[in-house]
Amino acid sequence: MKGIWQSTSIQMKMMYFLLLLIASFVLFYLIGLVGLLVGGVPNMLDLSDGNTISVLKWMQACSAIGLFIVPPLLFAYFTNHKLGMNSVNRHQLLLAIAFMLLTISFINGLAVWNENLHLPSFLASLESWMRQAEAEAMRMTKAFLVMDTPLDLMVNILIIAVIPALGEELLFRGVIQKLFLKWNRKVHLSVWLTAFVFSAVHLQFLGFFPRLILGAALGYMLVWSGSLWLPIIAHFTNNAFAVVVTYFIGFDKVNPSMESMGSEGGGIVLISGLGGLLLLYIMKEMSVKKKL
Numbered sequence: 011m012k013g014i015w016q017s018t019s020i021q022m023k024m025m026y027f028l029l030l031l032i033a034s035f036v037l038f039y040l041i042g043l044v045g046l047l048v049g050g051v052p053n054m055l056d057l058s059d060g061n062t063i064s065v066l067k068w069m070q071a072c073s074a075i076g077l078f079i080v081p082p083l084l085f086a087y088f089t090n091h092k093l094g095m096n097s098v099n100r101h102q103l104l105l106a107i108a109f110m111l112l113t114i115s116f117i118n119g120l121a122v123w124n125e126n127l128h129l130p131s132f133l134a135s136l137e138s139w140m141r142q143a144e145a146e147a148m149r150m151t152k153a154f155l156v157m158d159t160p161l162d163l164m165v166n167i168l169i170i171a172v173i174p175a176l177g178e179e180l181l182f183r184g185v186i187q188k189l190f191l192k193w194n195r196k197v198h199l200s201v202w203l204t205a206f207v208f209s210a211v212h213l214q215f216l217g218f219f220p221r222l223i224l225g226a227a228l229g230y231m232l233v234w235s236g237s238l239w240l241p242i243i244a245h246f247t248n249n250a251f252a253v254v255v256t257y258f259i260g261f262d263k264v265n266p267s268m269e270s271m272g273s274e275g276g277g278i279v280l281i282s283g284l285g286g287l288l289l290l291y292i293m294k295e296m297s298v299k300k301k302l
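Numbering (the numbering used here), first residue to last: 11 to 302.
Hints are supplied without guarantee of correctness; some may be wrong.
Claimed, not checked - Straight line, CA to CA, 20 Å or less: simulated EDC-like cross-link-like pairs of lysine to aspartate or glutamate:
1. 12 to 162
2. 152 to 125
3. 12 to 146
4. 67 to 125
5. 152 to 162
6. 67 to 146
What the hints assert, rightly or not - So the derived label-pair ranges between C-beta atoms look like this:
7. 152 to 296: 48 to 54 Å
8. 132 to 291: 21 to 27 Å
9. 32 to 172: 22 to 28 Å
10. 162 to 39: 20 to 26 Å
11. 211 to 96: 23 to 29 Å
Hints are computed from structural coordinates only; laboratory data are not their basis. Cβ atoms here follow ideal geometry from the backbone N, Cα and C, with glycine treated the same way.
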C-alpha cells in the first residue's frame, strides 16, 4: 500500500488528496457525533454552559484532526510525499518566534483596516451575513477562552494552538503548497496561492487579509528553511500567545488591548511591519548562506 500513488500525475494526486480530505473529515466528524451521543446532548445554543463548551471543544478537536492531520499523513504514506519534517536551525526558529510576536501590532492594524472595508452597495446583504458570521465566531471564541483552572488552559492550548499549528501546517504548507509548486514550478505563486486558500478556508472574511499575510510568511519560512517545523512552531507561538495572555488577563481586557496595539498610531504599526520584514529577510539570508 505504501507509495501506491507515487507514479500518478500531479492532477491525480490532487484528486486523491481531495478524496482523502472528504473521507477523513466525514469519518472523524461521525466519531465526534458518537462521543456527543454517548456523553449526552446539551443545549448547543447555551454557550454559558460548561458542558456545552466541552462538547463543542470535543467536536472541534475531532473535526480538526480529521481535516488537517490525518489526510496529509495518509497522502504522504500513499504517495511517498515528503512533508518536510526536517531538523530546523535554532537561529531561524528564534527568528520565527520573534517574528510572530513582533508583528502583533502590524497584524492587528491590518485587521482594523480589514474590518473597515465595505462591499459595494449591491452586495450589502452579503456583507451583512459576513459580519453576522464574524460576530458569531467571536462569540464562540470568547466562550472557548473562558478558563478558570490550569487544566482549562492546557486543554485550550491543545485545541487552539497545538492541533491547529500541527494540522494546518501539515495540510497547507506540507501538502498543498508543495503540490502547487510541483504543478506551476513558481515558488512565489505557490506560496501566495496557498496563503489565499489558507485564509479563505477559515471563513472569517473580516480577518482575511491578516491571515493571508501570516499564511504567506509561514509559506516562505518553509521555503527558506526546508523544514515544516519552522512554520509549525511559529503558528503555535501565534495561537498559544493569545491563549496564555487571555488566561492571565481575561478576554474582555485582552481583546480591546490587542486591537488597540494596531489602532493607536500608525508609527507603531509601521515599525512592527518593517521589523517583521527585516526578520524574514534575515531568515532568507541565513538560508542562502546555509546552501553555500
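The hints, checked one at a time:
1. Our distance criterion of 20 Å between C-alpha atoms is broken by residue 12 and residue 162, whose separation comes to about 39 Å.
2. Proximity of residue 152 to residue 125 is assessed by CA-CA distance (about 18 Å); at most 20 Å being required, the pair is judged to hold.
3. Of the supplied pair hints, the one linking residue 12 and residue 146 is violated, its CA atoms being roughly 43 Å apart against a limit of 20 Å.
4. Between the alpha carbons of residue 67 and residue 125 the distance comes to roughly 27 Å, so the proposed pair goes past 20 Å and is violated.
5. Of the supplied pair hints, the one linking residue 152 and residue 162 holds, its CA atoms being roughly 14 Å apart against a limit of 20 Å.
6. This hinted pair checks out: residue 67 and residue 146 have alpha carbons roughly 16 Å apart, not beyond 20 Å.
7. At roughly 39 Å, the beta-carbon separation of residue 152 and residue 296 lies outside the given 48 to 54 Å, and the hint is violated.
8. Restraint check, residue 132 to residue 291: a C-beta distance of roughly 42 Å breaks the suggested window 21 to 27 Å.
9. Checked against the hint of 22 to 28 Å, the C-beta distance between residue 32 and residue 172 comes to roughly 24 Å, which is consistent with it.
10. For residue 162 and residue 39, the hinted distance range of 20 to 26 Å is satisfied, since their beta carbons lie about 25 Å from each other.
11. The given range of 23 to 29 Å is respected by residue 211 and residue 96, whose C-beta atoms sit roughly 26 Å from each other.
Hints 1, 3, 4, 7 and 8 from the earlier list are contradicted by this structure; the remaining hints agree with it.
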